[in-house]
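With positions in the sequence shown counted from 1, the corresponding number in my numbering is that position plus 2.
Simulated from the structure, these hints should not be mistaken for lab results. Virtual Cβ for every residue (Gly too), placed ideally from N, Cα, C. A few of these clues could be false.
Here are the computed lysine to aspartate or glutamate pairs in the DMTMM-like style, where the Cα-Cα straight-line distance is at most 25 angstroms [claimed, not checked]:
1. 60 to 34
2. 77 to 56
3. 45 to 74
4. 45 to 56
5. 101 to 89
6. 45 to 62
7. 101 to 62
8. 45 to 89
9. 91 to 62
10. 60 to 93
11. 91 to 56
12. 66 to 34
13. 91 to 34
14. 77 to 89
15. 77 to 34
16. 101 to 56
17. 101 to 74
18. 45 to 93
19. 77 to 93
Here are the computed distance ranges between Cβ atoms for each label pair [as the list claims (entries may be wrong)]:
20. 91 to 30: 17 to 23 angstroms
21. 86 to 34: 18 to 24 angstroms
22. 21 to 55: 27 to 33 angstroms
23. 89 to 5: 28 to 34 angstroms
24. 77 to 117: 21 to 27 angstroms
25. 47 to 5: 28 to 34 angstroms
26. 48 to 105: 22 to 28 angstroms
27. 45 to 75: 36 to 42 angstroms
28. 34 to 91: 16 to 22 angstroms
29. 88 to 30: 32 to 38 angstroms
30. 64 to 10: 17 to 23 angstroms
31. 106 to 63: 27 to 33 angstroms
32. 120 to 77: 38 to 44 angstroms
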Amino acid sequence: QVQLVESGGGLVQPGGSLILTCAASGSGFGFDVMSWYRQAPGKQRAWVATRNSDGSTKYENSAKGRFTISNENAKNSMNAVALQMNDLKPEDTAVYYCKAIRWGRTYWGQGTQVTVSS
């Protein structure tokens with residue numbers, strides 16, 4: 003059974019940085035797509051960044067230039083990604099979720115809280 007586990011969340015001051023990681027267990031193969039989403043209090047879950055197995059990446063507008071999604075697997079396959087977040091703002095406060103897609107199936111992690119506050 004595939005499980006995604008996020009880690010790295012926490013409390014950070016505005017302008018600070020955090021690195022979130024998402025690792026898959028129970029998966030012997032890489033994923034086709036891995037993404038980060040976030041859900042702020044009172045809001046719907048929203049897409050943040052995506053990395054495809056070919057190495058291409060996409061970012062939501064507010065994440066461009068501040069966030070970087072990368073493959074944490076030393077091999078060519080992708081079953082762990084990181085999200086480097088710089089210049090964090092209070093509006094980045096949310097629960098961050100990892101999503102992975104492989105062979106048409108979608109998997110979600112349980113989320114990790116990121117709070118940006120002074």
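Checked hints:
no.: 1; hint: 60 to 34; result: 14 angstroms, holds
no.: 2; hint: 77 to 56; result: 13 angstroms, holds
no.: 3; hint: 45 to 74; result: 29 angstroms, violated
no.: 4; hint: 45 to 56; result: 32 angstroms, violated
no.: 5; hint: 101 to 89; result: 24 angstroms, holds
no.: 6; hint: 45 to 62; result: 16 angstroms, holds
no.: 7; hint: 101 to 62; result: 15 angstroms, holds
no.: 8; hint: 45 to 89; result: 22 angstroms, holds
no.: 9; hint: 91 to 62; result: 15 angstroms, holds
no.: 10; hint: 60 to 93; result: 20 angstroms, holds
no.: 11; hint: 91 to 56; result: 30 angstroms, violated
no.: 12; hint: 66 to 34; result: 22 angstroms, holds
no.: 13; hint: 91 to 34; result: 30 angstroms, violated
no.: 14; hint: 77 to 89; result: 30 angstroms, violated
no.: 15; hint: 77 to 34; result: 14 angstroms, holds
no.: 16; hint: 101 to 56; result: 17 angstroms, holds
no.: 17; hint: 101 to 74; result: 15 angstroms, holds
no.: 18; hint: 45 to 93; result: 12 angstroms, holds
no.: 19; hint: 77 to 93; result: 35 angstroms, violated
no.: 20; hint: 91 to 30: 17 to 23 angstroms; result: 39 angstroms, violated
no.: 21; hint: 86 to 34: 18 to 24 angstroms; result: 22 angstroms, holds
no.: 22; hint: 21 to 55: 27 to 33 angstroms; result: 21 angstroms, violated
no.: 23; hint: 89 to 5: 28 to 34 angstroms; result: 31 angstroms, holds
no.: 24; hint: 77 to 117: 21 to 27 angstroms; result: 34 angstroms, violated
no.: 25; hint: 47 to 5: 28 to 34 angstroms; result: 19 angstroms, violated
no.: 26; hint: 48 to 105: 22 to 28 angstroms; result: 25 angstroms, holds
no.: 27; hint: 45 to 75: 36 to 42 angstroms; result: 31 angstroms, violated
no.: 28; hint: 34 to 91: 16 to 22 angstroms; result: 31 angstroms, violated
no.: 29; hint: 88 to 30: 32 to 38 angstroms; result: 33 angstroms, holds
no.: 30; hint: 64 to 10: 17 to 23 angstroms; result: 19 angstroms, holds
no.: 31; hint: 106 to 63: 27 to 33 angstroms; result: 28 angstroms, holds
no.: 32; hint: 120 to 77: 38 to 44 angstroms; result: 41 angstroms, holds
Consistency with the previously given hints fails for numbers 3, 4, 11, 13, 14, 19, 20, 22, 24, 25, 27 and 28, ordered from lowest to highest.
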